[in-house]
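Quick one: dock chain against chain with the hints and give me the complex.
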Amino acid sequence: MNHARTILTLTTLLLAACELPTVPPRSVQDVYDFKLATSPPSVLRWPSGSTISVFVDAGTQARAQQMIDAFRLGAAQWNAAARYREYVLARVDSIADADVVVRWSDDLSPIDFTGCEPEISNGVTTLCLDDTDESRLRVFPFRAPRTGSHIKIVVTILASEASRPDRVERLVAHELGHVLGLARHSPDANDLMFAGNPTRSTLSRRDSASVQVLYHTRAAITP
Amino acid sequence: MWPHSCFMNGHNMIVCGERELRGERRRKDGRSLLATAAPSFFVVVSLLVCARDVSAQRVQLVLRGGVAMSSTLVQERIGTPGLEQVIGAQMDDLVSAIPTPAASVGVGARVAFWPRTLLETGIEYARGGVNAKEDGGTRRIQDLGVLQAQLGVSWYARPGIELGANAALLRYDTEEQGIFAGGAGMSGAIGGRAAWTPPVLSGRIAIEANAQGHRFGTPAIQRSGGIDANVLRYGVNLRVQLAEVGR
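The listed protein sequences correspond, in order, to chains A and B. Using the numbering used here, you'd call the opening residue of the first sequence number 1 and step up by one each time. Using the numbering used here, you'd call the opening residue of the second sequence number 1 and step up by one each time.
Label-pair distances were calculated between CB atoms; the ranges are:
#1 A/Cys-128 <-> B/Val-86: 22 to 32 angstroms
#2 A/Asp-188 <-> B/Thr-138: 26 to 36 angstroms
#3 A/Arg-205 <-> B/Arg-139: 23 to 33 angstroms
#4 A/Arg-205 <-> B/Ala-211: 31 to 41 angstroms
#5 B/Ile-190 <-> A/Asp-166: 45 to 55 angstroms
#6 B/Met-186 <-> A/Asp-166: 35 to 45 angstroms
25 angstroms max Cα-Cα, derived SDA-like pairs, lysine to any residue:
#7 B/Lys-133 <-> A/Pro-25
#8 B/Lys-133 <-> B/Pro-81
#9 B/Lys-133 <-> A/Asp-30
These are calculated hints, taken from the structure and not from any lab test. Glycine is no exception: its CB is placed at the ideal position from the N, C-alpha and C atoms.
So here's chain B without its partners, still in its complex pose (with noise of 0.2 angstroms):
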């Protein structure tokens, strides 16, 4: 489907590279370590070679749109026996922190980089809410936008058929409050991606499901004695290729 970005033989390169990265070829034949290395300088040339090929590329601008979910942000144990007798007054079992789900919007450009293999970058921004969930029931607790910028490759596993993996910085926009009291900072996260284009207006559109992870903990749940532990954030999205440009 796309031109190939490097060289006829570029890509049995890199496999040989890698082999070598992995080790197996490791004091074969009695190479020392650094010998065994060398040819890994394979991949970084190629990377090199390539990433001057994807300049003669065409880069498709995409529009995304869509639903992001997330796992639990955070969850408390309130009511112990011990505490619940001394106080003498039924509690809470539990409340937790759960992010509603939230209407994202992002853009993106997508390059040939490899045979079958894209290069992805792009920002993402998804708002929705926080909920306290507690035994009497659940309320808002504030707004939560979740700004994220991504790197990552898409590889075409079948016709109309893409996976991918990414890597994100990502951010929490929200009112310094409640468990963001002091801020949430920074994070980074993995993820992965699969989309499937149907056979309609030229393939211009997809059908994208994603999920990624990333550690999550704030100043107010460290004060608190809370721990950071991971976050999932998966979601499904409509991705609209708006132009083509390039040579």
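Chain A on its own, in the form it takes in the complex (with noise of 0.2 angstroms):
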């Protein structure tokens, strides 16, 4: 009887020991839409484990900081979801090195969008689809003489914004979603990812799990 309850006792304590921190299942209400709307609609986002290098073209004026610290505080944010390093927004100094290019609509362009422009709005992220290979993203080649570029995302935010600090916090934190692959609007006003004016500048819970869904999912095209 003893050796039984000896046995009991152990057994239980090397389930307790056992027992493993889990973080529970999303629910459908807990994700927004977040696909590419292609026909069919397709999941767009970056190979798991990728660093995506932003060059932040904020020019020489004194609204030029004000676009670094947005993308701090954006990808800060945004990398803080990515709990198993899916992926990692990383900004770098050199344009050539760069997957991704932040700028002011104003400022010249060392991108030549020619066949896929940039729309117009308060901020908008460019991407268009290579024609050859409809699972890549083309790549925007540099204004001549310069070549070798690999840029493939384009966030333009509108240069009347930047009277407004706020809303340039906002708004690259939203474009900064797209550029990971978020690619539709939430429907709550209370997510980043909402297609109105953003009213918020951090992530909600539906922003880190819709981003954390999505970098589990299967994707039919990776920049």
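Below, the structure written as structure tokens:
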């Protein structure tokens, strides 16, 4: 009897010791649609473990630091949501090393947008599928005579927004969500990826959950 | 093997005190609880006497090196049937953060404390990494170090064989990102150890196996709804006695 009790106690202790730290699964309501509006809709994301090199083309005016600070804040938030280092948004000093460029709308673009021009908006993320391989993104060439670009996504922030620093932070953080592959908008105004003017500059739980799910969903398109 | 640390009958006095503590004599013969508890003061008194005597012992300084491993730090179920249906694409079922085997090194001091019993203290540092395991494979997330300060006792169960238990304060040393975004704080751990001293080199080396458990949870995990749970660490060390100092 004593032996049985000892074995039971040891087994209970062992099972308790083996209890595993677990994050509960997401429900459908925790995630918004993030698929690119192709036909049919496709999942677009960087390969797991990618370091996404971002060149902040902030110019030399007083607003330059504003753009750099906005990127730093936005990238830190999205990076914190990558619990298993699915991606890292990292700023690079040379445009030649960049996968992504963030720029003001009225600065001379170092990129040739021919055939894939950005739309006019407060903030817009521009990407196009490769004509020859639709599972890849087109590489934007540099304006001549420079060569060797591997820029696939360009974020453009309307220059007039520079007068409102808080909005620049929100816009840049929101557009970085698109850069990561959250290709659509949340219908909920409480999310950073809300379609209208964002009311927050920090990630909501749904933003975090959506990007987490995105990076564990098989991609049809990779940059 | 070791000279007694306490005076000859002290050991028996401790045993008597423990019986009182366990309540085996509680209320026996109509004694009050206070009177029943009183003999337990022998435990405290004897420990103090022994502590004084410990200062008269020779202290072994030891170096440890080996491999430390750990159970999964956290796991997350991603793909649920409902979610997969809505998204319409294949998802990872489960993603886990699993520490890689780590090289460990430590220093410690051991001193005779009781008949056939040693008091041990030391610090240990293990350096490895964390991998993310998902359906698509395993990839490195970040480097991971674990620093711990330990205090424990070891008992010579039979010649050349030691069994021990210890408590430790443990700190994860890593970049603040991923599951460690926001840090990891400090955890208390308890563990056990078994060692074999082969009859070579005058018993100056030993092979140790150890296991310990601690609660684990980080702000990043908690923010995403995760709960703290137990993580087991285990390893194998080679222990080398560097010197013996003292009277």
